[in-house]
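*Asks:* So the protein lines, in turn, are chains A and B.
Under the numbering used here, think of the first position of the first sequence as 1, with each following residue one higher.
Under the numbering used here, think of the first position of the second sequence as 1, with each following residue one higher.
Since the hints were derived computationally from the structure, they do not count as laboratory data.
A virtual CB, placed ideally from N, CA and C, is assigned to each residue, including glycine.
Treat each hint with caution, since some may be false.
[Claimed, not checked] Computed cross-link-like contacts, EDC-like style, restricted to lysine to aspartate or glutamate with a CA-CA straight-line distance of at most 20 Å:
id : chain 1 : residue 1 : chain 2 : residue 2
1  : B       : Lys258    : B       : Asp235
2  : B       : Lys258    : B       : Asp291
3  : B       : Lys110    : A       : Asp299
4  : B       : Lys258    : B       : Glu311
5  : B       : Lys110    : A       : Asp324
6  : B       : Lys110    : A       : Asp8
7  : B       : Lys258    : B       : Glu319
8  : B       : Lys258    : B       : Asp301
[What the hints assert, rightly or not] What follows is a list of derived Cβ distance ranges for each label pair:
id : chain 1 : residue 1 : chain 2 : residue 2 : range
9  : B       : Ala52     : A       : Val199    : 28 to 34 Å
10 : B       : Gly147    : A       : Glu312    : 35 to 41 Å
11 : B       : Ala52     : A       : Ala329    : 43 to 49 Å
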Amino acid sequence: MPTDPCLDLASVDAPTRIALYRLVLLQRLFEERALALYRQGRIPGSFYDGRGQEAVAAAAGLALGPDDVICPLNRELAAHFARGVSVAHAFRNFLGKGDSPTRGRDGNMHFGLPACGVFPLVSMLGDLASVTVGAALAFRRRSEPRVALTFLGEGAFSVGDTHEALGLASVWQVPAVFVLQRNQFSYSTPLARQSPNPVLAERIRGGWSIPCVTVDGTDALAALDAVRRAVEHARDGAGPQAVEAVTLRIHGHAAHDDARYVPEELRAAYATRDPVARLEGRLRQDGVGDDALDDVRRDAAAAVADGLADAERSPAPDPATLEDGVWAAPPPA
Amino acid sequence: MTVPPENTGADGEITYLEAIRSALEDAMRDDERVFLLGEDIGGLGGAFGATAGLLDVFGEERVLDTPIAEEGFVGAAIGAAWMGERPVVELQFADFVTCPFDVIVTVAAKTHWRSGQPIPLVIRMPTGGGVRGGPFHAGSPEGWFVGQPGLKVVCPGTVGDAYGLLRAAIDDPDPVLVFEHKGLYRRLRGPCPAPGSRTPLCVADVARTGGDATVVTYGSGVTTALAAVERLGADVEVLDLRTVWPVDTAAVLGSVEKTSRLLVLQEAARSTGAAGHVLSLVARVGFELLDAPPVLHAPPDTPVPFAPELEDAYLPSVESTAAELERLLAY
């Protein structure tokens with residue numbers, strides 16, 4: 001069955017479509033390479049990826065302005081790249097290098113680069129929703145036209161902290177944007193066992209009086225259009241905004257999980273909705289030729305290869321530095 | 001601790017609570033980045049009055065009333081601190097720190113070590129018993145944070161430190177938990193601290209010098225220990241930790257080296273608080289300095305009871321502390 005191309009939305013111009021394509025490819029190729037490294041034992045610990053969700057990550061990253069900030073979770077690598085985090089730096093974190101964003105103190109997607117306005121991910125879902133609200137509160141207090149954005153899965157939507165954060169965002173009317181990735185499963189638990197109402201946007205609108213549209217999260221153009229509108233409304237003082245992007249987590253929760261619990265019919269429904277293929281289909285219909293598409297692919301593949309080579313040259317962390325940086329102002333010796 | 005009697009104090013003295021309110025007001029005047037958030041802190045002025053009047057002076061943008069959502073508003077304070085603000089959170093009771101425990105330990109404590117991003121956050125909370133608060137309003141939960149890398153934990157035991165530790169905490173680039181003893185709020189009076197004064201973090205204070213034994217204590221234990229030593233007429237040193245994490249280990253070992261006898265006094269139940277940390281330090285590093293087994297004077301391992309007969313039996317008092325000290329000195 002052929003893949004449906006992304007909708008032809010006039011709000012997303014040709015250069016932005018190429019930028020989106022580059023970002024989804026970067027995440028796809030990075031994660032394929034990193035998964036191979038993990039299976040070879042060259043990446044320690046666990047491995048999480050965002051296959052099937054790249055369009056939402058890329059769209060959210062691109063929707064933000066240069067002074068905005070973001071709290072990604074662990075399936076949104078493209079958002080890091082959109083904010084200026086380099087491929088090499090991301091690989092350094094997976095490899096546990098001494099000059100990685102966490103200097104070897106944390107691994108895989110558990111990182112963020114404050115210099116790029118990216119807060120380091122923590123594993124406890126919902127925590128970063130309130131951190132995002134607080135960053136947005138700072139912007140409102142200082143009358144700065146800036147926005148803070150975070151992601152939630154439907155798994156995080158079951159956590160009480162998430163709802164405390166949504167409530168505060170709404171009461172305080174801060175410029176926060178919540179992008180929900182309704183990817184159908186939290187680990188092995190399907191949406192039906194997490195929420196009696198499968199349309200999370202209804203719960204956000206009705207429960208928290210926060211505007212929320214639902215979009216097809218496999219359509220990068222639709223996702224970008226929706227998140228961009230949400231970001232600009234938040235920036236214009238309309239208070240918190242949300243977007244629910246419907247996707248399917250194609251891989252398991254992590255690399256050890258074969259996701260056999262995902263029903264075949266659901267897999268089949270998403271077989272023709274790969275976000276990378278859909279965007280490529282859109283570009284072809286736009287008249288972008290094979291050569292131009294090959295250029296983008298070659299460029300992304302080279303960025304991944306060069307980034308990995310660069311990261312592999314980085315030094316391992318020095319155990320003598322283990323206790324450095326526990327406190328910003330350490331106690332007197 | 002069994003709370004000290006109302007002290008009428010000399011002219012010019014202020015209460016522990018007034019010192020805290022002054023510290024907040026002065027910090028807000030000195031630094032626009034400082035703002036307050038918590039439950040009922042605005043129009044009501046806080047459950048204990050620590051923020052009384054500050055809404056009128058500074059307005060709603062700097063004194064934010066929150067819903068009952070401790071995990072949410074502590075998390076929001078972390079986000080604001082990330083953006084360079086200086087949020088000061090009030091938890092209505094220290095017992096309620098169970099609710100935002102996750103964001104404190106998961107996010108506030110570990111972010112600098114993981115990313116180099118400082119989180120200049122202060123969380124104030126009324127702690128301790130002696131006010132018939134029972135299991136959910138009279139606890140001393142500071143021990144849950146003693147040993148947690150990335151946090152600083154302070155427990156002021158004097159009026160001067162109620163002001164100076166809070167000012168230093170607000171200046172500090174790290175997350176600082178301030179356990180204010182609610183029993184001292186209106187009962188402890190002392191000289192008005194010099195405006196702008198700071199009590200350095202992570203530095204203990206010799207509240208009373210002595211040569212025959214050392215009482216290491218903090219928070220409400222300071223007044224109790226001083227009164228117990230006074231009652232005995234003994235030559236005992238009282239070391240006020242002030243910061244219970246990280247502990248001023250040099251001060252503890254220095255005093256024990258001088259006196260060779262150690263009593264640790266705390267209001268937290270005996271297997272929590274800061275005592276285990278201090279006793280471990282002295283056992284490991286100061287074993288040969290000791291002339292007697294160290295004494296731990298602290299409540300039993302139960303939640304704080306409500307009934308006056310039970311709470312009075314539970315909390316260390318001047319009398320019980322004096323008795324423990326006598327035994328230590330006689331060993």
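*Asks:* Of the hints stated earlier, which fail here?
*Replies:* Checked against the structure, the hints that fail are numbers 3, 4, 6, 7, 8, 9 and 11, while the rest are satisfied.
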